[in-house]
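Please build the complete structure, drawing on both the sequences and the hints.
Given next are the chains, with one letter for each unit.
Number of protein chains: 4
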Amino acid sequence: MTLKVGVIGTGMIGRDHIRRLTEVVSGAEVVAVSDANEVVAKEVAAGLPAATVHATGEELIADDRVEAVVVCSWGPTHEQYVVASIEAGKPVFCEKPLASTTEACQRIMAAELAGGRRLVQVGFMRRYDAPYRALKQAIDSGVVGAPLIYYSGHRNPSVPEHYTRDMAIVDTAVHDFDVTRWLLGEELTAIRVLAGKPNRHGGELLDPLLMVLESSSGVLVTVETSVNIRYGYDIRGEVVGEEGTAALADTGQVVLRRANSAGVAVPEDWRERFVLAYDVEFQEWINEVTGGRTLTGPSSWDGYAAQVVCDAGVRSLHEGDRVEIALGTRPALYS
Amino acid sequence: MTLKVGVIGTGMIGRDHIRRLTEVVSGAEVVAVSDANEVVAKEVAAGLPAATVHATGEELIADDRVEAVVVCSWGPTHEQYVVASIEAGKPVFCEKPLASTTEACQRIMAAELAGGRRLVQVGFMRRYDAPYRALKQAIDSGVVGAPLIYYSGHRNPSVPEHYTRDMAIVDTAVHDFDVTRWLLGEELTAIRVLAGKPNRHGGELLDPLLMVLESSSGVLVTVETSVNIRYGYDIRGEVVGEEGTAALADTGQVVLRRANSAGVAVPEDWRERFVLAYDVEFQEWINEVTGGRTLTGPSSWDGYAAQVVCDAGVRSLHEGDRVEIALGTRPALYS
Amino acid sequence: MTLKVGVIGTGMIGRDHIRRLTEVVSGAEVVAVSDANEVVAKEVAAGLPAATVHATGEELIADDRVEAVVVCSWGPTHEQYVVASIEAGKPVFCEKPLASTTEACQRIMAAELAGGRRLVQVGFMRRYDAPYRALKQAIDSGVVGAPLIYYSGHRNPSVPEHYTRDMAIVDTAVHDFDVTRWLLGEELTAIRVLAGKPNRHGGELLDPLLMVLESSSGVLVTVETSVNIRYGYDIRGEVVGEEGTAALADTGQVVLRRANSAGVAVPEDWRERFVLAYDVEFQEWINEVTGGRTLTGPSSWDGYAAQVVCDAGVRSLHEGDRVEIALGTRPALYS
Amino acid sequence: MTLKVGVIGTGMIGRDHIRRLTEVVSGAEVVAVSDANEVVAKEVAAGLPAATVHATGEELIADDRVEAVVVCSWGPTHEQYVVASIEAGKPVFCEKPLASTTEACQRIMAAELAGGRRLVQVGFMRRYDAPYRALKQAIDSGVVGAPLIYYSGHRNPSVPEHYTRDMAIVDTAVHDFDVTRWLLGEELTAIRVLAGKPNRHGGELLDPLLMVLESSSGVLVTVETSVNIRYGYDIRGEVVGEEGTAALADTGQVVLRRANSAGVAVPEDWRERFVLAYDVEFQEWINEVTGGRTLTGPSSWDGYAAQVVCDAGVRSLHEGDRVEIALGTRPALYS
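Chains as they are written, first to last, in the numbering used here: chain A, 1 to 335; chain B, 336 to 670; chain C, 671 to 1005; chain D, 1006 to 1340.
No lab work stands behind these hints: they were computed from the structure. Please note that a few of the clues may not be correct.
[Claimed, not checked] Listed below are the simulated DSSO-like cross-link pairs for lysine-lysine, each with C-alpha atoms no more than 30 angstroms apart in a straight line: (1) K806(C) / K1202(D); (2) K674(C) / K712(C); (3) K867(C) / K1141(D); (4) K197(A) / K471(B); (5) K339(B) / K1009(D); (6) K4(A) / K42(A); (7) K674(C) / K4(A); (8) K532(B) / K136(A).
This is the structure we're talking about:
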């Protein structure tokens, strides 16, 4: 019962997922790859026991051996591969973003709805992270009462040169948006993006940003993006409930007492922080696909909703006002 | 060199300060008391070695034996006693608020400025709390870089029946406003007050409130008031700097491992949390007054500024908008 | 490159390892099982895609399809299956203990030495636990200087009825002995076992025990076993070095603030605490076996050394004195 | 009701206590001083409002103005001043040690017993430290069940050149002995001192030492002295009870996130760690003396018991064996 997977896109993240499917998780093998750069695709395939190289993602999807598709290509190409997978009736795991525009996300949902069953999963890996899962479990257990405020902090030591102002929202905070929706079990309904005193390490960026969001039941949410904060890759989250709070604990596993300090390590980057989440994400996806079970991971709707929140956030950043978020009705398939 | 103090107001807080002046701190004695309820004043005086009871605060201030005045009476009377003390040339420690209105605060400053020297200290005791002082020291040391965001959390297990909506701002958050100004060394320039999903324990209150403020250099500040949160009296604060963050640590002094948990106690109320801060506050005031040194504690200006921020906050709560805070020019006496 | 594994012993731990080999780790399948209770063995096999049931462990080992053996049977049978595996030239993973007596461990080593290559791995899973690995990394990095003292704490909420006095050493502390040897990279040379005031929940047991050990370079080691401590399953470890200390951090992933406490959860039992360690243990073993690499996990020597320390510990417990530990020369195969 | 205090010994610790009595605590003034070095004594007196300089401690004790005595002179002189104070019927606070030998301690007790009331308090300040008091409260509350093991850790970054091997016991661990007796409410009955691999920063010292003690009810106690550990002055304590454990929390008041670490500061030295304990110690002593109440602080018996444990510890260090501790019967005065 090994799931035969085809991987579209063999760049850094694609190769990492191929390693994961091949050496880490149980029950999958990579039988086909494709990439815009065929030389790279061939190199990657050469390291695998039995992988065919396809000239295009569409050919890969059409390959009869391929039972499920993983899309790791450049964002603007996501729509075409995801839709093709849907039309081929094959489960497709798509790295975030689901697509580059709200309209593209809607077209993907339309295709999936036409087929009448969930085939798409979006790569919001935080939902598979053990600390976040423990946080969700704490919330759902009612131990702190109903959530009233959620603080989300997203801190990077630095960002690459090509990082633009909007990316703090569409590339960075998008994870906070998704995980907030998931933790609260509610949609976000409005956003206001504030930029204050800029970090001198941030060049022309507006960094940090402090976003204030509202959820459908009135939970107030702040999202901080600090992407030049130097000290580490630090993901923070605290839900304030009616009778207590629950927060992500520090992830350091050893308390060091040295140099007049007692403390734990903060991760250096997102790989260190979320490597296990990626593993679990894929293992559960494989198990669900292989077992013919309904997918429970982030859906097309989740990809769409994140996109709409990002759009509203970018508008708020540019216009300086609170922007309402209108998702429309959620189709029953995604309930 | 014992400082002879007169205390106006012998209610709960007044009696606590008399105990503090008499049994805890060094270098002071209480030589006179007065209260609107003369029976209570006489009872309190009876427990002191050598305290005169005065019919009015004005008489007490005029008493030649009284070298310094402590005002613990009802808020609306603060102005008259503080101004009378200033006019008598006597140092006066006034519990917060300095006065009930912005105009009253301005009249106090005018009186003090007319005298040409600082005589007034306002009872913002957090500035004397060891954890807050350690936080300020961390900020000032530059170890986390310039502050960019400050999160302030003010959580009460419950509030009394007479607590009104505005009190979350003027009675509760006023401490956060003052301590933020002090920590950052900057004025606050705008405030927006948000009320979301209400805590079911809060009755008609808007609780929690999430306030977003701006400082003169652009630091973004959030103040959370959660005044029915049941779990304890919890004062939180984290400054996000350019290269790191510094936060108030938990104050529990014993790690208990029991019942599947490892943790520390959260204080039950503000007395437990700030008792030592009050002691230090008085000791330093006494030392400065006795030593003829310039007062370094919260000044009339600080009392005035807190009042103006509160006024803006209340307006924002009622009107739903961002409200700018205009303090005017800070007189040189308060620089 | 899937490793075909035969599992001897299909009791609780055997079935858990079969699940792990089948559903969790990558690159293995279970092709044969056997158990003293053939009914159970058949039930287990029925749940697997292609597993043969063998009447005896010896038959399973002789099965040509079986490339590697996992021994989860009753301790006294370990020797025979491990030796048979060695003689068949097949890698064998043996749950702890390696064997029931020192002499049996020596016979296993003799068989392995006769073959001239490492085939045996013992199931000391703590070496694969992320917190312990972080602790070892901290020690080896030199960040706290050379280790001088190591405190090891092993706490169980309770133990089953059949738990005897000696089991605190041979069943519980044996993990502390192994992980101490591994963390320090040294042998243990002496042990003294102390029993003080007994826990009223421990019946006739001597509980807790406090053991004081010495390592070859003179590191002092304490091992506490508290096996009726109710509050949780808590594994503690702190190395005191020349310039600092490093300790296992708490593993709870969410800080809960509720009911006047701020804290994290302590695991309920060893499964919760070490489930990921077992996964990693098997994945690495499979990878090494499949890749034809020299085994790096706990060896026969490690199983033997743990046994000798346990023997000395039991003697010390009974006789009340310090007992020296003599391992003899470590064969080059195990260096 | 100001207590008039005479201070014998105006070295570093004496001057610090004079500052404390004069500027920090309430209800005391220093009216007389003496020192072996009269020049120093005169300098100190010159900084006080109304202090007489006496040529000898005995003269100071005889001074009618002196109502209570504080002994901060060199250890070998403690006995004579304490006995003289007792004979003069004056309360005497004596810095540790109470005296240099067991016999001297016994002579002090004899003198006090002859007078029939407690006049002596020994300067074991840890009993006044807020974290230790919280630990004792936790133990006494029964929240972790009856104590079974107590771990005490005493870490110094470094020690002065004149520090000898025995001082790790008589100067350093003596505090752990006293605080253990107080926390457990029991006497210590045996001690074994172990020296392992020495810290390379410790020169000829045996450092660290690991001591294993037993209490009258069978509680097992370890005391670690690490006096060259560089990283800070760190006082650790954890009691293991029948149903949980309670430990001193870290004392750092700010969590710093910087340089890939999240942690709190460890104190630099004992002054920083225990400054507040000294203040409370004196305030409570003054209140009890002034109020004519029975002293509740560390008594002559406590000073004596600590001395006997130290003697046994030194013998164990030199002889390498477990040494029993025999205190004799505790006089009713000290019950």
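Distance restraint between K532(B) and K136(A), which requires alpha-carbon spacing of 30 angstroms or less: At roughly 19 angstroms apart (the allowed maximum being 30 angstroms), K136(A) and K532(B) satisfy the hint.
Pair hint outcome, K4(A) versus K42(A) [Cα-Cα no greater than 30 angstroms]: 18 angstroms, holds
Pair hint outcome, K674(C) versus K4(A) [Cα-Cα no greater than 30 angstroms]: 20 angstroms, holds
Pair hint outcome, K806(C) versus K1202(D) [Cα-Cα no greater than 30 angstroms]: 19 angstroms, holds
Restraint check for K674(C) with K712(C), where alpha carbons must lie at most 30 angstroms apart: With a Cα-Cα distance of about 18 angstroms, the restraint between K674(C) and K712(C) holds, given a limit of 30 angstroms.
Holds or violated: K339(B) to K1009(D), with C-alpha atoms at most 30 angstroms apart: OK: K339(B) and K1009(D) at ~20 angstroms, within 30 angstroms.
Restraint status (C-alpha distance of K867(C) to K1141(D) at most 30 angstroms): 19 angstroms, holds
Given hint K471(B) paired with K197(A) - CA-CA distance at most 30 angstroms: 19 angstroms, holds
The structure agrees with every numbered hint stated previously.
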